[in-house]
Amino acid sequence: MTLFLEQLLNGMQLGVTLFLLAAGLTLIFGIMGVINLAHGSIYMIGAYAGTYVAATTGSFLLGIPAGLAAAALTGIAVEFLVVRQLYDRDHLDQVLATFGLILIFNQAITMIFGRQPLFVGLPDALSGSVELLPGLFYPLYRLAIIAVGLLVAAGLYLLINRTRVGMLVRAGSTNREMVRALGVDIRLLYTAVFALGALLAGLAGYMAGPILAVQVGMGEQILITTFVVVVIGGVGSVKGAFYASLLLGVTDTALRAYLPGLLRQVMVGPEADALGAGISSMGIYLLMAIVLLIRPKGLFAGNT
Amino acid sequence: MRTPITTYLSLAVLLVLLVALPTLADLANYPAFTSVATRVLIYGIAAASLNFVLGFGGMVSFGHAAFFGIGGYVVGILYQHYSLGEPLFGVFPGSNQLLVTVPLAVLVSGAMAALIGALSLRTGGVQFIMITLAFAQMLFFLFVSLKTYGGDDGLIIRRANELGGLNLRDRPTMYYLCLTIAVSFLFLLWRIVNSRFGNVLIGLRQSERRMAALGLSAYRYKLAAFVISGMGCGLAGALMANFMRYVSPDMMHWTKSGELMVMVILGGVGTLFGPFIGAGAFIMLESLLAAWTENWQLGLGFILLLLVLYTNGGLQALFSRLFRRDA
Numbered sequence: 000m001t002l003f004l005e006q007l008l009n010g011m012q013l014g015v016t017l018f019l020l021a022a023g024l025t026l027i028f029g030i031m032g033v034i035n036l037a038h039g040s041i042y043m044i045g046a047y048a049g050t051y052v053a054a055t056t057g058s059f060l061l062g063i064p065a066g067l068a069a070a071a072l073t074g075i076a077v078e079f080l081v082v083r084q085l086y087d088r089d090h091l092d093q094v095l096a097t098f099g100l101i102l103i104f105n106q107a108i109t110m111i112f113g114r115q116p117l118f119v120g121l122p123d124a125l126s127g128s129v130e131l132l133p134g135l136f137y138p139l140y141r142l143a144i145i146a147v148g149l150l151v152a153a154g155l156y157l158l159i160n161r162t163r164v165g166m167l168v169r170a171g172s173t174n175r176e177m178v179r180a181l182g183v184d185i186r187l188l189y190t191a192v193f194a195l196g197a198l199l200a201g202l203a204g205y206m207a208g209p210i211l212a213v214q215v216g217m218g219e220q221i222l223i224t225t226f227v228v229v230v231i232g233g234v235g236s237v238k239g240a241f242y243a244s245l246l247l248g249v250t251d252t253a254l255r256a257y258l259p260g261l262l263r264q265v266m267v268g269p270e271a272d273a274l275g276a277g278i279s280s281m282g283i284y285l286l287m288a289i290v291l292l293i294r295p296k297g298l299f300a301g302n303t
Numbered sequence: 000m001r002t003p004i005t006t007y008l009s010l011a012v013l014l015v016l017l018v019a020l021p022t023l024a025d026l027a028n029y030p031a032f033t034s035v036a037t038r039v040l041i042y043g044i045a046a047a048s049l050n051f052v053l054g055f056g057g058m059v060s061f062g063h064a065a066f067f068g069i070g071g072y073v074v075g076i077l078y079q080h081y082s083l084g085e086p087l088f089g090v091f092p093g094s095n096q097l098l099v100t101v102p103l104a105v106l107v108s109g110a111m112a113a114l115i116g117a118l119s120l121r122t123g124g125v126q127f128i129m130i131t132l133a134f135a136q137m138l139f140f141l142f143v144s145l146k147t148y149g150g151d152d153g154l155i156i157r158r159a160n161e162l163g164g165l166n167l168r169d170r171p172t173m174y175y176l177c178l179t180i181a182v183s184f185l186f187l188l189w190r191i192v193n194s195r196f197g198n199v200l201i202g203l204r205q206s207e208r209r210m211a212a213l214g215l216s217a218y219r220y221k222l223a224a225f226v227i228s229g230m231g232c233g234l235a236g237a238l239m240a241n242f243m244r245y246v247s248p249d250m251m252h253w254t255k256s257g258e259l260m261v262m263v264i265l266g267g268v269g270t271l272f273g274p275f276i277g278a279g280a281f282i283m284l285e286s287l288l289a290a291w292t293e294n295w296q297l298g299l300g301f302i303l304l305l306l307v308l309y310t311n312g313g314l315q316a317l318f319s320r321l322f323r324r325d326a
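Protein sequences, first through last, are from chains P and B.
Following numbering that gives the first Met the number 0, the numbering of the first sequence begins with 0 at its first residue and continues without gaps.
Following numbering that gives the first Met the number 0, the numbering of the second sequence begins with 0 at its first residue and continues without gaps.
Everything labelled a hint here was simulated from the structure, so no lab data went into it.
Where hints are given, some of them may not hold.
[What the hints assert, rightly or not] For the chain B half of the interface with chain P, some residues (derived, Cβ under 8 Å), not all of them: (1) Phe-61; (2) Leu-118; (3) Thr-122; (4) Val-143; (5) Lys-146; (6) Gly-257; (7) Val-261; (8) Ile-264; (9) Gln-296; (10) Gly-300; (11) Phe-301.
Quantities reported herein were computed from a predicted structural model and do not represent experimental measurements.
Cβ atoms here follow ideal geometry from the backbone N, Cα and C, with glycine treated the same way.
Sequences are here, hints too, so could you generate the full structure?
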């Protein structure tokens with residue numbers, strides 16, 4: 000039971016990380032109709048910039064503004080220089096141009112920081128564990144990630160459903176042309192949404208730093224999972240992204256935790272481990288295939 | 000359509016050049032070029048297959064590396080069972096005969112394409128891109144976890160397949176084999192594109208609704224095209240396995256799907272020769288940049304970006320814009 004709760008929390012932690020990425024990606028797609036493969040690179044840039052500053056200054060807190068700023072600025076630059084020209088192109092051009100961006104960012108980071116992964120220690124205040132239930136100790140830092148993720152989700156909910164900007168965002172994802180025709184400066188809105196998405200990706204990257212190794216390629220790994228989240232949740236739906244992230248996070252973690260053990264009862268140890276790991280990695284894709292077969296537009300798709 | 004005589008002439012000249020290529024490479028004291036050309040031909044077959052669904056059918060598949068990898072693994076797995084002498088699933092004997100392994104590779108990739116296509120084509124647009132990507136990743140992780148067949152490390156095929164008395168380890172022989180297959184494949188594609196089936200496919204890309212109004216079932220045509228395309232990629236994968244004498248899950252990694260797409264767009268979407276030009280350009284670019292700087296991916300990224308943003312229709316369109324103003 001303790002193990003199960005612990006895995007559930009691990010799953011939620013992965014889930015909120017995915018949500019931070021997926022929220023931006025789904026908004027960018029929903030409003031601008033752009034597939035942005037470089038979203039994972041922005042996550043990586045946030046992680047590198049934040050971790051670098053934190054490692055140099057020794058202060059975890061100082062890393063936060065650094066990571067966020069680097070990610071948001073990169074996002075704005077990418078929108079301004081590249082994505083702006085892709086709004087009216089077909090998906091193929093968008094995929095290829097942003098694939099090019101991935102190559103550029105990966106190589107640039109390798110040139111600046113080298114191939115060695117960066118590490119950052121946990122901040123002192125968050126390095127311990129807490130006893131959530133009798134016998135269930137859980138690292139404070141992971142709990143903090145879950146809390147931040149849920150706070151961001153709540154903030155996004157308020158932003159999108161309760162403010163004027165949010166109204167424009169919702170309107171933009173329903174009918175882009177109409178919003179433009181009503182005289183809204185859609186370009187500014189696009190840049191703002193792109194920057195917001197990049198900011199969230201940077202936050203996710205920096206927070207993942209102490210748990211994972213900060214290295215080139217970290218962006219693509221999570222990017223594909225994020226795409227699965229976006230597609231399962233329904234492209235353009237932040238609510239869908241939220242539920243799908245948690246669903247995926249928990250499913251993936253549970254498969255990885257329990258499947259090798261189950262397989263070991265019918266197979267030899269090492270082979271069971273390998274096959275278990277393989278099938279666990281396939282799990283989320285299988286989930287996506289099933290969801291799309293039942294609801295081809297995803298769970299929470301809008302009318303578009 | 001009227002084909003000008005100059006087109007036939009330039010095709011004949013091209014063919015002569017391609018046939019003479021290994022000799023020319025030897026004369027230029029650069030025999031390694033034959034290997035490069037073989038790789039171009041193999042990737043060209045794969046890219047042309049992708050282009051068939053992408054350029055002619057308008058289906059943006061981001062998972063075609065899966066079929067490339069399956070084709071390769073069929074050859075690898077059959078060879079492993081042949082060399083160990085134990086039958087596959089306890090029933091089928093392994094094989095090292097090219098005339099057995101390659102057609103089987105094509106069939107198996109076709110069957111996989113039928114399965115993946117039947118499920119993926121229920122969606123469209125961005126969901127189609129993502130679901131094809133997801134299926135390819137699924138297969139990638141499956142092969143990573145199959146320790147029997149090398150897992151992460153892949154399978155080494157100690158000796159290339161046998162085909163009559165030919166020695167496929169010999170570079171020029173392998174080159175001529177690939178050239179023959181590539182030319183036949185291109186001819187086949189040309190026939191398909193210009194057939195009634197091809198016309199329907201192009202019509203579907205332009206307007207699915209119009210085709211439905213004509214009483215045609217879009218789904219069936221698209222699925223058939225997807226299967227043909229998967230078979231082509233499987234063929235390329237099987238040849239690659241013989242050429243490299245090695246298969247690994249990397250063959251079906253998503254970046255490989257991306258590379259195939261880059262080749263298609265480099266050469267020009269929806270053209271017959273484009274993918275081969277694109278494959279050539281991509282491999283040349285890769286080796287030139289890699290020889291020049293360790294950070295070749297940076298250059299490749301910028302070239303790709305500029306190409307997408309500032310040319311419409313890839314290298315072939317660029318050339319025709321430069322050389323034939325009226326085209």
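Here's how the hints hold up against the structure:
1. Interface hint at Phe-61/B: satisfied, since its Cβ lies 7 Å from the closest Cβ of chain P, which is below the 8 Å cut-off.
2. A cut of 8 Å between beta carbons decides the hint on Leu-118/B: the least distance to chain P is about 6 Å, and the hint holds.
3. Hint status for Thr-122/B relative to chain P: holds, with the closest Cβ pair at about 4 Å, below 8 Å.
4. Using the Cβ-Cβ criterion of 8 Å, the hint placing Val-143/B at the interface with chain P is satisfied: the shortest such distance is roughly 6 Å.
5. Interface hint status for Lys-146/B: upheld, as the beta-carbon distance to the closest one in chain P is roughly 5 Å, under 8 Å.
6. Given hint, Gly-257/B at the interface with chain P, holds; its Cβ is 5 Å from that chain's nearest Cβ, closer than 8 Å.
7. Given the 8 Å rule on beta carbons, the hint for Val-261/B holds: about 6 Å separates it from the nearest Cβ of chain P.
8. The interface hint given for Ile-264/B holds, since its Cβ lies 5 Å from the closest Cβ of chain P, which is under the 8 Å cut-off.
9. Because the smallest distance between the Cβ of Gln-296/B and any Cβ of chain P comes to about 4 Å, under 8 Å, the interface hint for this residue holds.
10. Nearest Cβ of chain P to the Cβ of Gly-300/B: about 3 Å, under the 8 Å cut. The hint holds.
11. Because the smallest distance between the Cβ of Phe-301/B and any Cβ of chain P comes to about 6 Å, under 8 Å, the interface hint for this residue holds.
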